[in-house]
Every structure is written in C-alpha cells, then in structure tokens.
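**Student:** Note that the protein sequences, when read in sequence, are chains C and F.
Positions 1 to 111 (this note's numbering) are the ones given, in order, by the first sequence.
Positions 112 to 227 (this note's numbering) are the ones given, in order, by the second sequence.
FYI, nobody ran anything at the bench for these hints, they're computed from the structure.
Quick caveat, the model's predicted, so the values are computed rather than measured.
Please note: incorrect hints may appear among the correct ones.
[What the hints assert, rightly or not] Per the computed footprint, the stretches of chain F lying under chain C, defined by three or more beta-carbons under 8 Å from a beta-carbon of chain C, are:
(1) 151-158
(2) 191-198
[To be verified] 25 Å max Cα-Cα, derived PhoX-like pairs, lysine-lysine:
(3) K56(C) x K67(C)
(4) K155(F) x K67(C)
(5) K36(C) x K182(F)
[To be verified] To spell it out: a stretch of chain C is covered by chain F in this simulated footprint if at least three of its residues, at any positions, have a beta carbon under 8 Å from a beta carbon of chain F; those stretches are:
(6) 41-53
(7) 100-111
Ideal placement from N, C-alpha and C gives every residue a C-beta, glycine not left out.
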Amino acid sequence: GEDVEQSLFLSVREGDSSVINCTYTDSSSTYLYWYKQEPGAGLQLLTYIFSNMDMKQDQRLTVLLNKKDKHLSLRIADTQTGDSAIYFCAESTGGYNKLIFGAGTRLAVHP
Amino acid sequence: NAGVMQNPRHLVRRRGQEARLRCSPMKGHSHVYWYRQLPEEGLKFMVYLQKENIIDESGMPKERFSAEFPKEGPSILRIQQVVRGDSAAYFCASSPESGGGGYEQFFGPGTRLTVL
Chain C
1 GEDVEQSLFL
11 SVREGDSSVI
21 NCTYTDSSST
31 YLYWYKQEPG
41 AGLQLLTYIF
51 SNMDMKQDQR
61 LTVLLNKKDK
71 HLSLRIADTQ
81 TGDSAIYFCA
91 ESTGGYNKLI
101 FGAGTRLAVH
111 P
Chain F
112 NAGVMQNPRH
122 LVRRRGQEAR
132 LRCSPMKGHS
142 HVYWYRQLPE
152 EGLKFMVYLQ
162 KENIIDESGM
172 PKERFSAEFP
182 KEGPSILRIQ
192 QVVRGDSAAY
202 FCASSPESGG
212 GGYEQFFGPG
222 TRLTVL
C-alpha cells in the first residue's frame, strides 16, 4: 500500500542545518516531493527528485534519496527564522500524478 | 498570471447544510486535484478531474461528496448534509499536464470549512 511517514517536530537554532526525514513504502514511486506550508497558507513546492536520482541540490536545499531503504531527506543549510513552517514529503507513482503526503514535520527555528 | 484561486477562504456551515467550494485553476491548466487536510494531518487526495471529466475519485467518500469541472467556470467540490467530521481545510491544485509525474501541482490557499 501507499504510506509516507515523517517525524512530527524539529527544532533548530538559526544558522544551523536542518535535516527532515521521510520514509515511504511504495517502491513504484517515480517522483518524491518536498512542500512547505506556512500558517494559514497553501502548499509551496520546494523541490522534487526523480526516483533514479540519489541527490539533488538547489541553493540551500539538498535532497537525498535512498531508494533501497525508501528514505528521503531534506537538508536546509543555514536555517533562517523564515524557514519555520510545516514541511511535507509526498510521493507520486506517475499516472495521474496523484500525490500521497506524509503528516508533515513542523520546523521551529529559534535564535 | 494569477495563481490558483479558491473561494471562499473560510466557510461556516451548520450540520445538515450544504457546502460548495470553488476552485479556479491557473490560466492554461486543465487538470484539477482536490485534497483534504484534517487538523494536524497531511493532505489526503480526494479527486482528480480534467475538463468535464472525473478521472479518479478514489479518495472521495461515496456519499454526500461530489465534484465537477465544467467546460466553463471553476471546479466545484460539493458536500451535502455536512457533519462535524467534514471540518477541514480543502485544497485545490492545478497542473498543465499529468502522467508520469514531475509536473508541478500549484496549490491554492485552501478553503477552511467549519461545521457547527
């Protein structure tokens, strides 16, 4: 079946790196996504990775994919207070691109 | 180019009433997805529509819920005889293409439904 799991909370100090982890169960996942949700807002796509890739870097964001362990992580370098939000991991298996979301990790950045 | 628009942003209904949620996709987008987010949870897929067609409604409850995306006008998610458990944020997303993944879904700001 399809299931995506994330830890619920992460607290980091401003300037440190944040690492948010995600595991998924569907081995046929073709794309994996990271979305950011700020309070009262919709979802903003941060980055995505195709399942045949191991890593993707985009400015302060680094995505690592371990397909064997079905583990995805998002690293945010030099975390800022503006990064405080809920981060959702999601997978799709192609076809209609229906997204399966994790419950979200709430990132709190403190001075 | 305006983003995905949803209205109303907040909707309050009493048990037994009907709720109508509207979604206008981004210009040029012909694919619409509806998701529901219960408090403290992730988003759950409900239905995927193309113009005038429901493609996948596997995530939508069989009773009381319906969705449409007419040739003209916004996509509508309709909930009849609402119950307290329908209280949630309902998000619409649109994309220009689908199939094979990798095409970004652009999300609207959501409609927060409260059932009293």
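**Student:** Compare the structure with the hints numbered earlier in the document and write down the numbers of the violated ones, lowest to highest.
**Tutor:** Violated: hints 2 and 5.
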